[in-house]
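Residue numbers (this note's numbering), protein chains in the order written: chain A, 1 to 146; chain B, 1001 to 1248.
No lab work stands behind these hints, which were simulated from the structure alone. These numbers were taken from a predicted model, which means no experiment stands behind them. Just so it is clear, CB atoms sit at the ideal spot from N, CA and C, and this is done for glycine as well. Heads up, some of the hints might be wrong.
[To be verified] According to the in silico footprint, chain B covers these stretches of chain A (three or more CB under 8 Å from chain B):
1) 25-36
2) 60-69
3) 86-96
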Amino acid sequence: MCGRRSANTEPLPAMALATKPLRWLVGAGLLLAFDLAGRSLSAAFALPVPGPVLGMLLLLLSLMLYGGVPRGLAEVAGQLLRFLVLILLPATVGIYFLRDLSGGDWVALVIAMVVGTLISFTLTGILLNRLIRRVGDTQGENIRVD
Amino acid sequence: MWTEWQRWLAQLHQVASDFLAPLGPAHPLVILALNLICFWVGVKIYRRLGNPLLHPVVGASLLVFAGLVLLSVDFASYQRGSGLLNLLLGPAVVALAIPLKQNLAVVRKVGWPLMLGLMVGAVLAPLVAVVIALLLGGSKTVLIALTTKSVTTPVALALAQEMHGIQSLAAGVVAFTGIVGAVCGPGLLRWLKITDERVVGFSMGINAHAIGTVRALEISALCGAFSALAMGLCGALTALLLPLFVTT
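With the rest of the complex left out, here is chain B (with noise of 0.2 Å):
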């Protein structure tokens, strides 16, 4: 208990000493800005425009890519500089139980084909990536990239650590993922006349984990919970069964 304390206390101490380093691009109140600004101008954009194709998820992250480029950060120090909002990964990670138990009885309901169709979509995500990435003669980083391609971020950054990856293409790969999933999944299901807020919520979850709850949330407070239990329990069950597998 006390050693997990402790790591936290001086992450934050560290997060607290970088705010009092001399002001210049890469100081964290510019980055902070920086993201906020990205941020609220990723909403803007997306609320007016209302192309998926604009999640803020996108158009945040390339405009704080724009930035980064004009102020001629590199990634290592841009993530140094946001410490602050790193330190709300694992709080963000466990808010998820509260959409969770408010929408229990609804999940109850209909518990254990979900839960059968969570195991085979917790399988399939990655499988199908591996597979395809495989006939495509990728490499075996490549590989070890796609097994955590549909867990959210902070357990695919954990995961990777685990396996001997590349964090940073894991937290790639994760983020490419639940935007291919959050543009293209509801347009998809509605296609396949998949209407069900249920099913959309949890296939969205299994497939583009937070991003994907993120724009679950979006359609309703169902699809939502749904979306945030497929995407906890697929994280939990992916972060159990992968490393017995990936053990070379």
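So that you can see chain A by itself, here it is in the shape it has in the complex (with noise of 0.2 Å):
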């Protein structure tokens, strides 16, 4: 079917006869490498930030000069994000494994998450309100205060 070499010199028109399975491989391959990029800076120069986070930032200042999303970046990242939930399932369960605690403990973690998230939730929403309304920007908010 796809007899076409995928080898080739000039980068632009090799981009555009991509398949679709060979588009997803490099947008696949371009997340793995600035993951890695990432961790590898990170563990370089001994940053607390960790890997992904700093890859993340490459990619985005990557992305800023490139000037644009290439379309299998995008599509990957996209079915990526969709699955999100999934991703982080595992991490997510280890809340109900969780035995190595006192009741006073237990009680002072669940009242800090519950009642520091939504105080925390409040302040920044408001404080976020009052700043982005100060610059002047009216698009997207219809506030009344009656």
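These two chains come separately, so use the hints to put the complex back together.
Quick look at the structure:
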């Protein structure tokens, strides 16, 4: 079917001719490469920033310099983000396996998480709302306090 | 550069060789099927009922827990069985750069207030929780676990390791915080008459990291982009600042 050689010296026509699986492979490869680049950078300079976060910032910077998002990368990333809940599932399940805490610690932990999150959520929401309105940007907001 | 590649290859090799192990309840294929089925059922239930309390993060993880109890598999074996999904954690974090880039123009327009809000939020979120726990007499373990509560899981795990905290506790706290934020957040802001999707998204990202971002992406792409931006920046900022404060 696709007897065309994918190896091409010119990058742009090759991208245009690339079939879907190849495009996806390039996208996935880019994500992995930036993940590993971030990890390497973090390890090499003993940075406290976790590698994948650094990889994300590097990719963002590269995309800004490139001036667009390669189609394969956008597609793979979209799929990956659709399944974020699934990817995070193993870590999430850990909450049901915490048994090495005293009763008082549990109470403090749960109250701090629930109340603390609601308080900080409220405060950041109000603060951001104030700050964003001060910029004088009215797009997307129709807030009326009667 | 090479050591990280080698580590990744070793991890890949580990996952592959786990697949060749004799079939049992903790076999990666069983765990993978369990994860996929629970995720699918969790999404179906959520779409059918539309109740934020039954967000797939809650529903699917409860189903997985029930499955593990039925199969009598412990958490360590489950983690090992989920190796394939854990391999995707890093690339998934990197993938967050794409919604960021695609909405960069909108983000730029409201640059400085967001950065200011981010700084305050990134400090406030763990501080409020730690103070509450301190008032209730929580132990040091609890306090350390709470410092990473609003940071996305992979970042929190790395930080827990750095601060000699309990990783599973950190992961649990992060997940619980995310669920609280994702479930109550949008409603809470609506109740406060804050309807600007940019503010909602940014608050979600600061306070409820990846789980909040998943929820924000359901609201709109713009909301999701702001959430992803806040989550990424908040994670980076916390990862930079926290080890400086907690060096005991």
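Coverage of the segment 25-36 of chain A by chain B (three or more Cβ within 8 Å)
Our answer is that it holds, as 6 residues pass the Cβ test (under 8 Å) against chain B, meeting three.
Three residues or more, CB to CB closer than 8 Å: is that satisfied between the segment 86-96 of chain A and chain B?
With 11 residues close enough to chain B, the hint holds.
Within 8 Å of chain B's CB atoms, at least three CB atoms from the segment 60-69 of chain A: coverage verdict:
holds (count 4)
Comparing the model with each numbered hint stated earlier shows that all of them hold.
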